[in-house]
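Could you build the full structure based on these sequences and the hints that come with them?
Now for the letters of each chain:
Number of protein chains: 2
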Amino acid sequence: MANKTSWLWYPGDFEIHQGMLQNFKREERGMGWPAYWYIDDCNRNVNFKRKYNLTSSTSFTVYAKGTGYVDINGTKNKLNQPLTCEAGDNTIQVFVGSTTGLPTIFIEGDVVKSDDGWIASNFVDELPAGSDPLFHDKQQDPNVIEYQQKEIHYVSSKAVNGGMLFDFGRAVNGTLNLKLTDVHSVTLCYGESETEALDVEMCYYKQENVTAATDIRKRAFRFIFIPAVAKNSVEVTAIHEYIPKQNKAEFTSDNAVINKVWNVSAETLNLCSDLFFIDGIKRDRWIWAGDAYQANFMNEYSFFDEDIDKRTLLALRGQNDIKQHIDTIVDYSMLWVIGILNHYEMSKDKAFLEIIYPKMKSMVEYFVAQTNDKGFIYGRENDWIFVDWSEIDKEGTVAAEQILLLQVYQTILACGKVLGEDVTEYNTKYDQLYQNVMKYFWDEEKGAFIDSYESGKRHVTRHANIFAILFDMVDEDKKQSILTNVLLNDQITQITTPYFKFFEQDALCKMGQQHRVYQVLLDYWGGMLDKGAVTFWEEFDPTKSGKDMYEMYGDPYGKSLCHAWGASPLYLLGRYFVGLKPTKPGYETFEVEPKLDEFDTLHSVMPVKNGSVIIDKKGKTLNIVASRNGGTVKYGGHSYPLNAGEPVTINN
Amino acid sequence: MANKTSWLWYPGDFEIHQGMLQNFKREERGMGWPAYWYIDDCNRNVNFKRKYNLTSSTSFTVYAKGTGYVDINGTKNKLNQPLTCEAGDNTIQVFVGSTTGLPTIFIEGDVVKSDDGWIASNFVDELPAGSDPLFHDKQQDPNVIEYQQKEIHYVSSKAVNGGMLFDFGRAVNGTLNLKLTDVHSVTLCYGESETEALDVEMCYYKQENVTAATDIRKRAFRFIFIPAVAKNSVEVTAIHEYIPKQNKAEFTSDNAVINKVWNVSAETLNLCSDLFFIDGIKRDRWIWAGDAYQANFMNEYSFFDEDIDKRTLLALRGQNDIKQHIDTIVDYSMLWVIGILNHYEMSKDKAFLEIIYPKMKSMVEYFVAQTNDKGFIYGRENDWIFVDWSEIDKEGTVAAEQILLLQVYQTILACGKVLGEDVTEYNTKYDQLYQNVMKYFWDEEKGAFIDSYESGKRHVTRHANIFAILFDMVDEDKKQSILTNVLLNDQITQITTPYFKFFEQDALCKMGQQHRVYQVLLDYWGGMLDKGAVTFWEEFDPTKSGKDMYEMYGDPYGKSLCHAWGASPLYLLGRYFVGLKPTKPGYETFEVEPKLDEFDTLHSVMPVKNGSVIIDKKGKTLNIVASRNGGTVKYGGHSYPLNAGEPVTINN
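Quick mapping for you: the protein sequence lines, in order, are chains Z and B.
Sequential numbering from 1 applies to the first sequence in the UniProt record's numbering.
Sequential numbering from 1 applies to the second sequence in the UniProt record's numbering.
Among the hints, a few may not be true.
[As the list claims (entries may be wrong)] Derived SDA-like pairs: lysine to any residue, alpha-carbon spacing no greater than 20 angstroms straight-line:
{"no.": "1", "chain 1": "Z", "residue 1": "Lys323", "chain 2": "B", "residue 2": "Lys323"}
{"no.": "2", "chain 1": "Z", "residue 1": "Lys78", "chain 2": "B", "residue 2": "Asn209"}
{"no.": "3", "chain 1": "Z", "residue 1": "Lys49", "chain 2": "B", "residue 2": "Met31"}
{"no.": "4", "chain 1": "Z", "residue 1": "Lys323", "chain 2": "B", "residue 2": "Asn209"}
Since the hints were made in silico from the structure, they are not lab data.
As structure tokens, this is what we get:
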């Protein structure tokens with residue numbers, strides 16, 4: 001929190017409360033579909049406290065959402081009216097209870113005000129109060145998210161099937177304004193695709209008996225079909241709702257397809273993140289830890305929005321007591337922990353680390369409690385050992401989960417060190433687990449990790465092997481072995497889910513396979529563009545066409561056509577083609593190692609913490625300039641210091 | 001739950017949610033005063049499940065408060081519309097999330113309906129769904145308590161201090177209807193006493209700028225003063241709000257003072273209990289475990305309302321995870337556990353025991369975790385070792401807390417046995433603690449328990465000694481020793497709080513000191529009647545008069561004049577003078593042992609589970625009749641079986 005007057009709350013409560021609301025926002029064919037796991041809410045009863053030593057008397061007003069009072073040196077005072085503290089030592093406490101929403105306060109005053117320094121308590125724990133840059137004005141209510149609205153006019157309309165079809169030409173997440181002439185009420189059929197909107201029976205969203213006065217729920221769509229109306233009897237305007245954020249990155253090259261892949265990726269990620277990273281805007285609208293983990297990486301190479309990261313991490317974890325794994329999935333809980341390290345490396349936000357650390361530690365302890373005598377993590381009743389939708393041999397303990405647990409230990413070791421916490425015990429746990437992972441799961445003959453050692457089947461899938469590369473769990477020889485024996489081995493079952501494709505492409509790039517990934521960008525993402533995609537999909541199978549393209553999970557329109565993980569080209573292009581990465585937390589030092597062979601000309605702007613890097617390629621000339629110090633350009637086996645405002649030019 | 005269609009919820013959630021609302025209902029001089037402890041709320045996301053084997057197809061409708069859907073054999077269906085299940089095996093699940101209130105469902109149907117047999121899950125634990133006799137109709141909403149309203153007209157009014165004073169002649173807990181003539185707005189000054197209402201500056205409740213259209217908050221009062229209005233310019237009617245319940249007891253004797261003490265006690269308890277036992281109707285309006293523990297005993301001898309007992313126990317305990325001691329007080333947590341045994345002995349409600357048992361056990365484990373190597377319970381940081389407001393030597397571990405812990409172990413041993421749980425470990429803990437309590441806290445020379453053995457002061461207060469008698473922790477010789485050396489010893493600091501006076505009178509009666517307690521009834525409770533009490537007070541000091549009578553906690557009107565524990569004569573008269581008590585749970589067997597020497601004629605009706613006992617005394621003749629079997633009359637060293645409808649007549 002900058003030292004600016006803000007609405008304050010018990011730390012995490014805003015995110016947990018809004019996260020709860022988010023996880024109740026799913027809708028399917030007129031039914032609400034709450035997420036199917038335990039859902040926390042914010043604290044109901046909060047105390048805020050601060051001591052001031054005043055040199056002269058000062059006045060202030062406390063605004064609150066909830067019932068309560070202001071205690072000044074032991075005397076009760078009313079909310080919402082000017083109060084005075086005299087010179088000297090003063091202890092101010094604000095007590096606020098809210099029966100339905102977030103207990104929160106705003107203090108207006110010259111000296112006594114709701115800035116940095118307030119302590120919040122839920123009567124169990126005391127922590128520095130939480131705040132959010134979105135809420136800085138006393139007129140606001142942090143229980144109400146103030147979406148900006150933008151009128152979107154349809155780009156085309158046509159009379160079809162006895163009704164009217166409107167195409168807004170883009171994905172909209174919002175409501176509709178209707179003008180009805182000669183007709184009292186209509187039915188609204190929504191579609192991310194034209195096919196879906198025209199399917200009056202089965203479209204995912206539909207609202208019947210809609211008059212000009214009806215409240216129309218916020219939904220995601222591109223097309224609206226209104227059956228049984230004549231041309232000119234209905235006019236529709238979409239009202240898109242969003243929280244503005246700045247795209248800090250640019251990517252323009254001589255390849256128009258890649259340029260469009262970049263832009264549509266940015267559009268997709270933008271739509272799938274406002275308060276939180278959600279999986280998709282039509283479906284599920286839930287906060288999934290695995291999806292959010294990936295969105296964090298894409299965000300780093302586009303919006304560089306630390307606030308969404310933080311909100312999502314806090315919302316996913318919930319209150320202190322752990323009732324079950326995040327989203328019920330063991331590996332998602334582990335990715336949540338690992339994601340904190342990613343966020344720290346991007347932001348160097350120690351204040352956030354202090355807030356999240358106790359919850360990270362208790363989560364790690366929750367894992368430890370379900371490890372066996374070899375240090376392997378196993379699933380208990382109601383734990384979902386997911387990894388991926390694939391034929392993984394899950395008998396006994398599973399390799400992919402152990403690699404994640406190794407990185408979990410690395411995360412708490414790194415974060416604990418930043419905070420000066422004693423984390424030596426995790427070194428021991430790491431060492432034991434590492435030795436046993438190599439002993440039991442590394443198969444020397446296959447030159448790869450096997451899924452399960454207990455089954456005796458020695459089955460190899462890509463998953464654990466990909467994680468081992470990504471988290472640098474093996475030496476260069478073994479990485480090459482995995483590349484050859486697994487990643488580039490067609491005998492090994494292909495990754496079929498876009499969720500895990502992210503990790504696979506990441507690993508391939510890391511192993512220098514940019515040319516392969518470039519082709520995937522053209523084929524897979526370019527393939528969606530060929531199908532008319534305005535945002536990237538949850539899944540794409542180029543062999544499907546027509547109505548079949550939209551089916552998923554046994555639902556004809558189950559597929560989400562604006563899905564966060566579809567935006568992964570932002571990360572792949574930024575991290576591995578432009579080649580930017582932090583080498584010390586918060587980009588205190590960073591590297592640019594361009595791999596731009598596929599492009600003849602290119603202009604790209606990439607964000608770094610508190611700055612940006614501009615990379616230009618024109619034929620054989622590379623030009624790189626950064627707005628701040630700390631950079632190094634690596635190219636052709638050479639390193640070039642990259643200082644603020646001093647371009648590095650390389651001629652091949 | 002009777003097998004009747006009811007609104008269903010996750011068990012405990014209704015009580016926890018309403019308890020949260022209750023603990024936010026306190027008001028002081030225009031300010032909200034939330035209770036100063038951690039407050040739980042209900043689950044936000046609940047699943048209800050049941051399997052049916054149907055002989056023919058059947059239809060039903062699911063109503064819900066919240067967002068969600070009905071899953072029939074894996075297919076989603078809408079709420080609020082007729083649904084059909086076919087013959088054969090059917091699994092029905094209802095998913096409901098509520099962002100602000102209680103997720104709850106009502107199912108209307110011939111076969112499929114919301115009666116006994118539904119399982120509720122918060123996605124962590126599965127338990128039989130909860131319900132409450134107040135909510136049996138699909139038109140209802142368990143988020144809204146339907147108070148009955150009764151118009152109360154003032155019994156007198158007078159022009160005074162330039163305004164109008166209205167006396168309603170009784171304690172009202174409700175709102176006001178105002179008729180204003182020639183005046184646009186007024187100020188309402190409330191008083192439990194006339195003195196308070198007339199104190200425009202300092203009265204506890206005041207509402208300013210009230211017009212005929214103003215929403216007037218529910219408050220407790222007897223007097224209303226409206227300053228600065230002429231006679232005839234304002235008319236006031238009170239609207240008392242209550243949940244009807246039946247007073248199942250009667251007490252009429254030849255002593256008019258005692259009769260009035262009885263009736264005013266019943267009025268006091270009635271007002272201080274609607275959904276829950278609260279401490280007082282004006283202040284605090286909070287649910288305190290110590291106060292509720294006592295109210296339970298009074299309830300058993302008057303309203304015999306098991307529902308209030310159950311709601312209060314569930315609300316006090318909150319959700320599974322224990323964040324702190326109930327109301328932050330270690331002894332209150334222990335009284336909560338012990339109160340469950342009282343409730344079971346009164347009700348024999350095994351179904352409730354099954355619901356509460358896991359929460360009782362985790363509470364007992366919470367105590368065990370704060371015992372030392374001698375088995376003594378000690379206070380940790382933020383734990384309040386209360387016992388009573390008195391000069392208790394609290395150095396190290398404290399005797400009164402150990403006696404309570406012994407009774408806690410007795411409670412879990414007894415309740416565990418009923419449920420067939422393995423509780424043998426608590427036998428061991430009980431034995432160790434018992435031996436150490438006697439070894440370290442029993443002072444043979446003083447013939448009493450000392451407060452602390454660690455301080456070396458051997459200080460004796462009444463508290464531990466009273467508990468030892470009440471819970472039969474010592475043999476008859478030691479009880480007599482305590483009676484002589486402590487209870488009847490004026491050298492030992494007197495009990496000054498009405499809270500602990502309850503326990504003291506209880507112990508005195510138990511030791512056969514009815515004649516002393518009778519005098520206390522006349523002096524203490526009769527003394528309040530002499531001061532014009534229409535309900536019994538939080539505290540009474542006969543040496544005080546005028547405005548001083550109403551002062552407490554440093555506040556001129558801090559004293560609550562309608563306070564639950566003021567109603568203890570109900571218990572004392574019923575339990576020890578009429579002499580009724582259960583000797584097996586649920587009054588399967590019970591005793592009536594009248595000690596009515598102070599009365600020449602008396603007619604009393606006392607409730608027992610599913611019945612009543614009528615006791616009449618006329619001069620030397622006692623006549624006792626019960627509506628059901630199981631009773632025994634004990635009198636003059638003899639026992640007489642008391643069978644249904646067969647009067648036992650005893651002539652002295």
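How the hints compare with the structure:
1. Z:Lys323 with B:Lys323: Given that 20 angstroms is the threshold and the Cα spacing comes to 14 angstroms, the pair holds.
2. Z:Lys78 with B:Asn209: 17 angstroms, holds
3. Z:Lys49 with B:Met31: Distance ~18 angstroms between Lys49 (chain Z) and Met31 (chain B) Cα, so the pair holds.
4. Z:Lys323 with B:Asn209: 49 angstroms, violated
Consistency with the previously given hints fails for number 4 only.
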